[in-house]
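S.K.: Residues per chain, in single letters:
Number of protein chains: 2
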Amino acid sequence: MSCSVYLGCCWVHTSSTFFTRSRSKSLTPPSFKTLSFPIDYSIPPRRRRRISSTASAVLTREDKEKPSSLHHEESDPKPTFDFKAYMVQKANSVNQALDASVPLKEPAKIHDSMRYSLLAGGKRVRPMLCLAACDLVGGNESMAMPAACAVEMIHTMSLIHDDLPCMDNDDLRRGKTTNHIVYGESVAVLAGDALLAFAFEHIAVATPADVHPSRIVRAIGELANVIGGEGLVAGQVLDISSERNSEVGLKELEFIHVHKTAKLLEGSVVLGAILGGGSDGEVERLRRYARDIGLLFQVVDDILDVTKSSQELGKTAGKDLVADKVTYPKLMGVEKSREFAEKLIEEAKEQLVGFDPVKAAPLIALANYIAYRQN
Amino acid sequence: MSCSVYLGCCWVHTSSTFFTRSRSKSLTPPSFKTLSFPIDYSIPPRRRRRISSTASAVLTREDKEKPSSLHHEESDPKPTFDFKAYMVQKANSVNQALDASVPLKEPAKIHDSMRYSLLAGGKRVRPMLCLAACDLVGGNESMAMPAACAVEMIHTMSLIHDDLPCMDNDDLRRGKTTNHIVYGESVAVLAGDALLAFAFEHIAVATPADVHPSRIVRAIGELANVIGGEGLVAGQVLDISSERNSEVGLKELEFIHVHKTAKLLEGSVVLGAILGGGSDGEVERLRRYARDIGLLFQVVDDILDVTKSSQELGKTAGKDLVADKVTYPKLMGVEKSREFAEKLIEEAKEQLVGFDPVKAAPLIALANYIAYRQN
Numbered sequence: 001m002s003c004s005v006y007l008g009c010c011w012v013h014t015s016s017t018f019f020t021r022s023r024s025k026s027l028t029p030p031s032f033k034t035l036s037f038p039i040d041y042s043i044p045p046r047r048r049r050r051i052s053s054t055a056s057a058v059l060t061r062e063d064k065e066k067p068s069s070l071h072h073e074e075s076d077p078k079p080t081f082d083f084k085a086y087m088v089q090k091a092n093s094v095n096q097a098l099d100a101s102v103p104l105k106e107p108a109k110i111h112d113s114m115r116y117s118l119l120a121g122g123k124r125v126r127p128m129l130c131l132a133a134c135d136l137v138g139g140n141e142s143m144a145m146p147a148a149c150a151v152e153m154i155h156t157m158s159l160i161h162d163d164l165p166c167m168d169n170d171d172l173r174r175g176k177t178t179n180h181i182v183y184g185e186s187v188a189v190l191a192g193d194a195l196l197a198f199a200f201e202h203i204a205v206a207t208p209a210d211v212h213p214s215r216i217v218r219a220i221g222e223l224a225n226v227i228g229g230e231g232l233v234a235g236q237v238l239d240i241s242s243e244r245n246s247e248v249g250l251k252e253l254e255f256i257h258v259h260k261t262a263k264l265l266e267g268s269v270v271l272g273a274i275l276g277g278g279s280d281g282e283v284e285r286l287r288r289y290a291r292d293i294g295l296l297f298q299v300v301d302d303i304l305d306v307t308k309s310s311q312e313l314g315k316t317a318g319k320d321l322v323a324d325k326v327t328y329p330k331l332m333g334v335e336k337s338r339e340f341a342e343k344l345i346e347e348a349k350e351q352l353v354g355f356d357p358v359k360a361a362p363l364i365a366l367a368n369y370i371a372y373r374q375n
Numbered sequence: 001m002s003c004s005v006y007l008g009c010c011w012v013h014t015s016s017t018f019f020t021r022s023r024s025k026s027l028t029p030p031s032f033k034t035l036s037f038p039i040d041y042s043i044p045p046r047r048r049r050r051i052s053s054t055a056s057a058v059l060t061r062e063d064k065e066k067p068s069s070l071h072h073e074e075s076d077p078k079p080t081f082d083f084k085a086y087m088v089q090k091a092n093s094v095n096q097a098l099d100a101s102v103p104l105k106e107p108a109k110i111h112d113s114m115r116y117s118l119l120a121g122g123k124r125v126r127p128m129l130c131l132a133a134c135d136l137v138g139g140n141e142s143m144a145m146p147a148a149c150a151v152e153m154i155h156t157m158s159l160i161h162d163d164l165p166c167m168d169n170d171d172l173r174r175g176k177t178t179n180h181i182v183y184g185e186s187v188a189v190l191a192g193d194a195l196l197a198f199a200f201e202h203i204a205v206a207t208p209a210d211v212h213p214s215r216i217v218r219a220i221g222e223l224a225n226v227i228g229g230e231g232l233v234a235g236q237v238l239d240i241s242s243e244r245n246s247e248v249g250l251k252e253l254e255f256i257h258v259h260k261t262a263k264l265l266e267g268s269v270v271l272g273a274i275l276g277g278g279s280d281g282e283v284e285r286l287r288r289y290a291r292d293i294g295l296l297f298q299v300v301d302d303i304l305d306v307t308k309s310s311q312e313l314g315k316t317a318g319k320d321l322v323a324d325k326v327t328y329p330k331l332m333g334v335e336k337s338r339e340f341a342e343k344l345i346e347e348a349k350e351q352l353v354g355f356d357p358v359k360a361a362p363l364i365a366l367a368n369y370i371a372y373r374q375n
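Those sequence lines, one after another, are chains X and D.
Numbering-wise (UniProt numbering), the first sequence opens with residue 1 and increments by one.
Numbering-wise (UniProt numbering), the second sequence opens with residue 1 and increments by one.
Heads up, some of the hints might be wrong.
Chain X regions said to be covered by chain D (calculated; three or more residues, Cβ under 8 Å) [claimed, not checked]:
no., region
1, 108 to 117
2, 233 to 243
3, 294 to 302
The set of hints was computed from the structure by calculation and includes no laboratory data.
Virtual Cβ for every residue (Gly too), placed ideally from N, Cα, C.
Same shape as in the complex, but just chain X (with noise of 0.2 Å):
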């Protein structure tokens, strides 16, 4: 499914799904239709106001008559970006990248399994977002695509653990049968193991020698922070038990979405302002531009659930309120929502005022599509 979106300085084509949330069960297959657009990252007051008023997700004007390309225009004198060609051109990318960096050798069975699930697909924004960073910081792909293939590793172990009989007891994931079906279940939690190990090992043995080593430990620093004990480990963790507690609060809810979802965006982008060279203080910021889209992508995901249809969303509608879990709308209602999801994209976006626009344009397409999707 796609839809065209006015992002209030043009319109983009968008497709359907761009974040999959971490425990579902069916997951379409990427689909990038046309998402070219002028770019415009700054957030001027008429256009605040204009979010402000509309205070929804839905901030859309949908024509899918327009022509998508409208940054062909005369009228229009700013730089465009192709958003549907940068993806389908890093997906690539990074795609040839991890599946050279885990060859089927032997034990077979071990790098079949980490393969199985490693190459099963899935949209890459996690190692976009480490090579745009590092890309936006002066840096080039090389010194960062270790690192984007490492943090898609960690992305697809969390995934493989999640699915496991004693976690989620899921059978589908990526439109595929999960690991722990296709290899048995102690394969499965091998394989994750091993994915966890080799993300650090890949970083270590594969960064190019032009990134410093200070910097390649810095990152390591970083990506295992993300995922222990402070990171997805402990999202998990009060995700699982949270299941069975009607009480979890506004605190804890966000808790889970920032270790779950948020830490490892926040992990990608870092690591490559890091890699790439970033100043302290642009490592910052763009941390701090990580961590709101990665709470906006949840926080629209659950506008969107009780304020759209099914056939909207192309998925069952309302089903967090079926199953009484805790979401935004229902602790904040929803216009407090939306005005926490305006506020999040508003961050997010100021935080990248001051690069390079042509470079900052993935990040800002990014966070544009996050918060004005529509499914």
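Position chain D against the provided structure of chain X, taking the given hints into account.
M.R.: Okay, now just chain D, sitting in the frame of chain X:
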């Protein structure tokens, strides 16, 4: 249990268990009795012949009446090494460092689970190897302590995951109820993941500034390689599949032991040597030492299983035979196995010739113990 062992140059009174097999259900707590001896790391021709003539892991003359501290004898001017005191001191340092590295914070359940297994005792052999190798090449304890803690974290995570119901389904570890019995299976999986990740974070963040970052990056690459599809995970995968396969040969047997046991021992030594500032030549010599003692441990274990009584072993003798397990004596006979063990101890010690004898003492003591233990 303890026994006195004649090492060719002196008498050493040893504890009964030094290493423990990773999949054994019931482990005795560390017991370091009198372990003082003059240092003799060279392998004179006379000694080699004597080892060869007995061709046994049982190269001892039990004499519990003899004083254990023969290094006080005037006839022996060699420097002495108090192995017991060394082990106690290092284990205390490591335990304090481990305790401080994983404080009990939120979410309490995951950190409590990590600490439960990490601080459950154990002889801290791998950290000791790491610290001793660092010292041997001219480093100090602080340079290698984060890495020493990291190898123990990796060892612990491998035990937690190996004990899972989908793996070996063990209820006891280090004399305590296994992690998944206490905290539940999902938390045990996550605690292992968190320890795996934290091992890398700890090296990256806590290694002092006087270690060049290029050495830290190299150490991280080495440690990661020890764990994944070319290390612990590879060994465990083959071990699990070999349990249902009576066609396992010598090549597969060595693969399992090298990957499940020897690789982490090798990593422990190599990390210490790298972080302590060892030259490439020194690192590689210590790598060969570690590979030899890792394999030696398993060969001796297999020989003892078929040559000693249950009373002598302190555990059920002949259980490998009963379980129809593939062992060295089964594949090459007892005599050939002894010759192989002899070759390994000689090779291991040869790697240490030329280093400062005083600083090499802990590594020599360890190799001696493994070769000459009685149970």
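S.K.: Could you run down the list of hints and mark each one as holding or not?
M.R.: Consistency of the hints with the structure:
1. 108 to 117: Held - the region 108 to 117 of chain X has 4 residues with a Cβ nearer than 8 Å to chain D, which meets the minimum of three.
2. 233 to 243: That given contact holds, which follows from 7 residues of the region 233 to 243 of chain X lying within Cβ reach (below 8 Å) of chain D.
3. 294 to 302: Three-residue rule not met by the region 294 to 302 of chain X, so violated; n is 0.
Hint compliance for this structure: hint 3 alone is broken.
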